[in-house]
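Here's the letter readout for the chains.
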Amino acid sequence: MFSEHDPIPACTQAALTGLPPRAGLGLKTGHFQQVLGSSPDLGFFEVHAENYMVAGGPFHHFLGLIRAQYPLSLHGVGLSIGAEGPLDQQHLKRLAELIERYQPQSFSEHLAWSSHGPVFLNDLLPLAYDTPTLNRVCAHIDQVQNALKRPMLLENPATYLAFERSTIDEPDFIAEVIRRSGCGLLLDVNNVYVSCINHQRDPLVYLDALPLHAVGEIHLAGFAEDCDSLGDRLLIDDHGAPIDQAVWQLYRQVLERIGPVATLIERDNQVPAFEVLLAEAQQAERLLLQSGGRA
Amino acid sequence: MSTQSAFAAALIDTRLPCPDGLRSANGADPASRFAVYRNNVQASLINALADSYPVVQQLVGEEFFRAMAAIFIRSQPPQSPLMSRYGETFADFIARFEPTAGVPYVADVARLEYLRVLAYHAADAQPIRPEHVSAALANPQTLGGLTFGLHPSLNLLDSGFAVVAIWAAHQQEQSLAGIGLNQGQHALVLRNGLDVEVFALDAGASVFIHHLSNGEPLLAAAENSPPFDLAQTLALLIAHNAIIQLSYKELP
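Protein sequence lines correspond, in order, to chains B and V.
FYI, this note's numbering numbers position 112 of the first sequence as 112, with every residue one higher than the one before it.
Take any residue in the second sequence, count from 1 to its spot, add 295: that is its number in this note's numbering.
Pulled out of the complex, with its shape left as it was, chain V reads as follows:
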């Protein structure tokens, strides 16, 4: 094993002994100095996860979070120097992590928080001005083929838990009392200007936006969705600058 292989392995897996071939000028046990690197690596990776998943940390408590994060790091250390992307699989890990079985909604809160990170750093795009969207909607001749391009930051999350309510309660230090935790919610995450926003949608509106982001024309997307308030959903997308392109599909 190369010097850096042994060094790297013992940094990630804290159960491994201090690598061979190290020395201290004063004769101190090299393990007491290697510990500085190990602590730096562990703390920086745990802190990176804590930065991305603040509500998960509040839900499970700091001590539990840091212990869980250390186990995640050992099994899935970062594969890129771009730390803002680290933790993409943290929600899946939490879902399978036995000690969190009693709080099954935590994994979906992690999914929501990761979508917020993605939205924060997503590409910029100029929204279509509301009057241009209105004009396109008012033209019956082209309405059938009208297709929206949505903002690159926009993502949806279908959860069996009240994931938006749980997340929102932790933005204002409210308790979870009064939240029906098992009432599933459909989350919409997007960046409006510089701010990441989170909404709870009706099931039908969520399916509709799914269809839009798959490139289905507006009317087809609405027809292929369970009942929902189309006007209100379009108003939401327009008001939050989510529509960045108007195009027209040839109808068959």
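If we strip away everything but chain B, and leave its shape as in the complex, we get:
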């Protein structure tokens, strides 16, 4: 169905991200001092870009010091690439300024929307997968990559419902966006698991339908559990719990397929002591090493 477009050569992993194939942690404000004081053996840190779109103060002070010691992944949560409206050019400019300032090894955003008109909804909202959405998402990613003068990574979503309008399967949609735009894939293994449980799919079948050759980074996180109106399991990607055993297992299967790739442990809610996150990073690092990585 996409034959009308000329194929674009897929970028290699190395071109998509300069992050080392090691484990990294999301940088939490409560851990600034401890990171600087103990210089933990980690491959990289990741920050949410929007938190650092401020003029000055402690956030920039600490990020500057930590960036001097570690590779950095800049992860956007507010660009709203899937929005029906145009991209926020001011926001794109702010991203370009942050990239200029911190020279991160990677920039990533989500296959989702979070703004509608002037209103920002502060959540990653689901898309109807059809041809108009595909064209729009690809056009937005082109704008981002042109403005930032670098390829970006696009994260697969965790979703809780689907649209009657959708005509394209989610992994096929992602594969086509990546083929057309030349962006890479930020493979969130927790999102794969959460979405597959929520939509009654086999995670391995879903995984194998994704363009795994384009994975530039992996995310691992924990989820919360709820029930829908039928009493079925409804998993919520809340980044508020330790990584589930099922997600660790799926991660092993990902590494068997693609070898070691930079892997982030994400925790944004109920953030535990730094040591607890470090232990999860070390567990990921052991698996990376087993799959042929340097650790």
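Some clues are possibly wrong.
[To be verified] Among chain B residues calculated to face chain V with C-beta under 7 Å, some are:
id	residue
1	53
2	56
3	78
4	121
5	160
6	162
7	163
8	199
9	236
No lab work stands behind these hints: they were computed from the structure.
Here a beta-carbon is modelled for each residue, glycine too, at the ideal position from N, C-alpha and C.
Guided by the hints, dock chain V onto chain B, whose structure is given.
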């Protein structure tokens, strides 16, 4: 209405029904799944306000705060992905919010807390070394035109309530007993290095600093203010690294 219009409207206004055109793979009611997004949006926005306004939340209680925040969000959802700025108008909303009429000082506490957020993220600036400020003050030939540039984080708040005392009591889990709530206070908020600091000023000192931040020369600013202790106020500004520029205005 576009798909995203209907979706967005029902996320912000929880009284609206679940949008059309949604489905669940298992046949479950889509509303039970849409509720996850609605809860995420509501909780994240309320939590963002709670992060910026912790003393307001303590003053009115968590349950009241979250209900009030939900009403604020419905009428004034965020207009920018920069969440640290969300809630700029929350204090004005609280001032007009009828259920808080019995605790009229809460709106000014919110104003103080927002100034703290602004100060925390304000631009960095190198303070003038105290000996350089002293030298400038000691030179009678240029003193008349001496003008201070103040730190970008510095802000003032004139309140009809004891806003600094109320705020300070909640930093140490003290009660409001013994605080004359209706004794107005003049707050000074600034960031000294990495730390945001809050002071209560005399009325005259507050007016003086207002004049300084409007670019009035030091002596004119002092003359145009009600009586206050100039030496003590300058010592405060110097000690807390609030002076970032010395310049000299041509006197008429």
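How the hints compare with the structure:
no. : hint : verdict
1   : 53   : holds (5 Å)
2   : 56   : holds (4 Å)
3   : 78   : holds (3 Å)
4   : 121  : holds (5 Å)
5   : 160  : holds (4 Å)
6   : 162  : holds (5 Å)
7   : 163  : holds (6 Å)
8   : 199  : holds (4 Å)
9   : 236  : holds (6 Å)
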